[in-house]
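Quick mapping for you: the protein sequence lines, in order, are chains Z and A.
In terms of this note's numbering, the first sequence is numbered consecutively and its last residue is 1474.
In terms of this note's numbering, the second sequence is numbered consecutively and its last residue is 104.
A hint or two may mislead.
[Unchecked claim] Derived BS3-like pairs: lysine-lysine, alpha-carbon spacing no greater than 25 Å straight-line:
{"no.": "1", "chain 1": "Z", "residue 1": "Lys1374", "chain 2": "A", "residue 2": "Lys83"}
{"no.": "2", "chain 1": "Z", "residue 1": "Lys1428", "chain 2": "A", "residue 2": "Lys72"}
{"no.": "3", "chain 1": "Z", "residue 1": "Lys1387", "chain 2": "A", "residue 2": "Lys72"}
{"no.": "4", "chain 1": "A", "residue 1": "Lys72", "chain 2": "Z", "residue 2": "Lys1442"}
{"no.": "5", "chain 1": "Z", "residue 1": "Lys1428", "chain 2": "Z", "residue 2": "Lys1374"}
{"no.": "6", "chain 1": "A", "residue 1": "Lys36", "chain 2": "A", "residue 2": "Lys83"}
{"no.": "7", "chain 1": "Z", "residue 1": "Lys1442", "chain 2": "Z", "residue 2": "Lys1473"}
{"no.": "8", "chain 1": "Z", "residue 1": "Lys1387", "chain 2": "Z", "residue 2": "Lys1428"}
{"no.": "9", "chain 1": "A", "residue 1": "Lys86", "chain 2": "Z", "residue 2": "Lys1387"}
{"no.": "10", "chain 1": "A", "residue 1": "Lys86", "chain 2": "A", "residue 2": "Lys36"}
{"no.": "11", "chain 1": "A", "residue 1": "Lys36", "chain 2": "A", "residue 2": "Lys88"}
{"no.": "12", "chain 1": "A", "residue 1": "Lys72", "chain 2": "A", "residue 2": "Lys88"}
{"no.": "13", "chain 1": "Z", "residue 1": "Lys1442", "chain 2": "Z", "residue 2": "Lys1387"}
{"no.": "14", "chain 1": "Z", "residue 1": "Lys1473", "chain 2": "Z", "residue 2": "Lys1387"}
{"no.": "15", "chain 1": "Z", "residue 1": "Lys1428", "chain 2": "A", "residue 2": "Lys83"}
{"no.": "16", "chain 1": "A", "residue 1": "Lys72", "chain 2": "Z", "residue 2": "Lys1374"}
{"no.": "17", "chain 1": "Z", "residue 1": "Lys1473", "chain 2": "A", "residue 2": "Lys88"}
{"no.": "18", "chain 1": "Z", "residue 1": "Lys1428", "chain 2": "A", "residue 2": "Lys88"}
{"no.": "19", "chain 1": "Z", "residue 1": "Lys1387", "chain 2": "A", "residue 2": "Lys83"}
{"no.": "20", "chain 1": "A", "residue 1": "Lys83", "chain 2": "A", "residue 2": "Lys72"}
{"no.": "21", "chain 1": "A", "residue 1": "Lys36", "chain 2": "A", "residue 2": "Lys72"}
{"no.": "22", "chain 1": "Z", "residue 1": "Lys1428", "chain 2": "Z", "residue 2": "Lys1473"}
{"no.": "23", "chain 1": "A", "residue 1": "Lys86", "chain 2": "Z", "residue 2": "Lys1428"}
{"no.": "24", "chain 1": "Z", "residue 1": "Lys1428", "chain 2": "Z", "residue 2": "Lys1442"}
The hints are simulated quantities; they were obtained by calculation from the structure and are not laboratory data.
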Amino acid sequence: MTNPVHDRIKNDVTSNDVVLYMKGDAMFPQCGFSATVIEILNYFNVPYETHNVLQDEALRDGIKEYSDWPTIPQLYVKGEFLGGCDIIREMAANGELVAHFESVGIEPKG
Amino acid sequence: MALTAPEIKEMILEILPGADVQVQDMRGDGSQFAAHVVSDEFIGKNRVQQHQMVYKALKGKIGGELHALSLQTSAPE
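Extracted from the complex, chain Z is given alone in its bound form (with noise of 0.2 Å):
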């Protein structure tokens, strides 16, 4: 059975290498956890795109139902579901996350 919604995040998250499905956007996050994760991923200066699940209900219930994962935000690396704000804030933290990056090929913007 395919899910439209769950087949267009599969193209976006597959086609992009770091994606955010997030509250707002990267100028204006509406929420403290998405704020967080952009903060870092500017930090790490790597290229992302982000997605407004305010902005699509059928995006913000089917984002969840993608990864069976309760919470918004939650970015995507070379098409796997990294984690959500306190999953990325541990990795930024640990060096962790650079390593990931760094290990999938995504280099920060020149």
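Starting from the known structure of chain Z, fit chain A onto it as the hints suggest.
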């Protein structure tokens, strides 16, 4: 009705018996919790899987009655 820290701890322990669970009500009003869970069940699982186990213990309350839960999980050292 908002959940309390002891209720959250109990729900996590139901699914992960024997785990070391600490839950803090960050503002004292049930709006924001932080939980730290250490369990043998986490051995061999990545962080996403560990968090998913805790979320399952909380039976869909995350995002509903339980808006903000900051979670940290690990296997015993």
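Structure-based check of each hint:
Distance restraint check for Lys1374(Z) and Lys83(A): the Cα-Cα separation of roughly 24 Å lies within the 25 Å cut-off, and the hinted pair is therefore satisfied. Proposed proximity of Lys1428(Z) and Lys72(A) is supported: the alpha carbons are some 20 Å apart, at most 25 Å. Distance check on the hinted pair: Lys1387(Z) and Lys72(A) sit about 28 Å apart at the alpha-carbon level, beyond 25 Å; violated. Distance hint between Lys72(A) and Lys1442(Z) is fulfilled; the C-alpha atoms sit about 20 Å from each other, no more than 25 Å.
Pair hint Lys1428(Z) plus Lys1374(Z) holds up; C-alpha atoms about 13 Å apart against a cutoff of 25 Å. Our distance criterion of 25 Å between C-alpha atoms is met by Lys36(A) and Lys83(A), whose separation comes to about 13 Å. Distance check on the hinted pair: Lys1442(Z) and Lys1473(Z) sit about 17 Å apart at the alpha-carbon level, within 25 Å; holds. Proposed proximity of Lys1387(Z) and Lys1428(Z) is supported: the alpha carbons are some 13 Å apart, at most 25 Å.
Restraint check: the Cα-Cα separation between Lys86(A) and Lys1387(Z) comes to about 23 Å, which is no more than 25 Å; the hinted pair holds. Between Lys86(A) and Lys36(A) the CA atoms are separated by roughly 13 Å; this keeps the pair inside 25 Å, and the hint holds. Between Lys36(A) and Lys88(A) the CA atoms are separated by roughly 13 Å; this keeps the pair inside 25 Å, and the hint holds. With a C-alpha separation of about 23 Å, the suggested pairing of Lys72(A) with Lys88(A) holds against the 25 Å cut-off.
Note on Lys1442(Z) and Lys1387(Z): the hinted pairing holds, with a Cα-Cα distance of about 21 Å set against a maximum of 25 Å. A distance of roughly 24 Å separates the Cα atoms of Lys1473(Z) and Lys1387(Z); the hinted pair therefore holds under the 25 Å criterion. Of the supplied pair hints, the one linking Lys1428(Z) and Lys83(A) holds, its CA atoms being roughly 13 Å apart against a limit of 25 Å. Simply put, Lys72(A) and Lys1374(Z) have alpha-carbon atoms about 23 Å apart, close enough for the 25 Å limit, and the pair holds.
Among the hinted pairs, Lys1473(Z) with Lys88(A) is inconsistent with the structure: their alpha-carbon atoms are about 39 Å apart, more than 25 Å. The hinted pair formed by Lys1428(Z) and Lys88(A) meets the criterion: a straight-line CA distance of about 14 Å does not exceed 25 Å. For the proposed pair Lys1387(Z) and Lys83(A), the alpha carbon gap of about 23 Å is at most 25 Å, so the pair holds. The hinted pair formed by Lys83(A) and Lys72(A) meets the criterion: a straight-line CA distance of about 15 Å does not exceed 25 Å.
The hinted pair formed by Lys36(A) and Lys72(A) meets the criterion: a straight-line CA distance of about 21 Å does not exceed 25 Å. Using a Cα cut-off of 25 Å, the hinted pair Lys1428(Z) and Lys1473(Z) is violated, with the two alpha carbons roughly 30 Å apart. Between the alpha carbons of Lys86(A) and Lys1428(Z) the distance comes to roughly 14 Å, so the proposed pair stays at or under 25 Å and holds. About 18 Å separates the Cα atoms of Lys1428(Z) and Lys1442(Z), which keeps this hinted pair within 25 Å; it holds.
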